[in-house]
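Assemble the whole structure, with the sequences as input and the hints as a guide.
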Amino acid sequence: LELIKHVDQLISVSGGTWASGVYMFAKGSTSSLLGAATKPAQLSMRELEKTPGSIGATATHDILHPVLKKIFTDNPHDAWIHIFNEVLLKPHHLGNLSKYMAADEESIRRIVRSNPHLHKEIGR
25 LELIKHVDQL ISVSGGTWAS GVYMFAKGST SSLLGAATKP AQLSMRELEK
75 TPGSIGATAT HDILHPVLKK IFTDNPHDAW IHIFNEVLLK PHHLGNLSKY
125 MAADEESIRR IVRSNPHLHK EIGR
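Counting from 25, one number per residue, gives the positions in the sequence shown under my numbering.
Calculated directly from the structure, the hints in this document are not laboratory data.
Some clues are possibly wrong.
As the list claims (entries may be wrong) - No more than 27 Å apart at the CA atoms, straight line, and that leaves these computed lysine-lysine pairs for DSS-like:
id, residue 1, residue 2
1, Lys94, Lys74
2, Lys123, Lys51
3, Lys63, Lys51
4, Lys93, Lys63
5, Lys29, Lys114
6, Lys93, Lys114
7, Lys123, Lys94
8, Lys114, Lys74
9, Lys51, Lys114
10, Lys51, Lys74
Set out below in structure tokens:
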């Protein structure tokens, strides 16, 4: 259908947000991020065994080493942030913990006003 070229933004919830956020903000072609387009009727084990696009590759990354590295040194909240950043965002050049994925500076200010604990995290 090739509808994605007509989409300006994706809205997602819960676990799907990591993928949609990377898709919206990462630099790269749709095929490099998602992999080659396939038609469901043409799927086969051979097709499914192909290397996925970069989003799929990060989703299937073994996170045991990053978890063990952080779980005993950080509190659980910080550990999750650092693991998520290392495994899912950095491979797409989105791993800057001092920046937010927001439409503009005003959106960032609004987010920080509503969440005062973030003020310290971004150093403002």
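To see whether the hints hold, each was checked on the structure:
1. Lys94 - Lys74: violated (31 Å)
2. Lys123 - Lys51: holds (16 Å)
3. Lys63 - Lys51: Holds - the C-alpha atoms of Lys51 and Lys63 are around 25 Å apart, at most 27 Å.
4. Lys93 - Lys63: Status violated; Cα separation ~40 Å.
5. Lys29 - Lys114: At roughly 25 Å apart (the allowed maximum being 27 Å), Lys114 and Lys29 satisfy the hint.
6. Lys93 - Lys114: Answer holds: Lys93 to Lys114 is near 17 Å, not above 27 Å.
7. Lys123 - Lys94: holds (21 Å)
8. Lys114 - Lys74: holds (23 Å)
9. Lys51 - Lys114: holds (12 Å)
10. Lys51 - Lys74: Holds: Lys51 and Lys74 sit about 22 Å apart, inside 27 Å.
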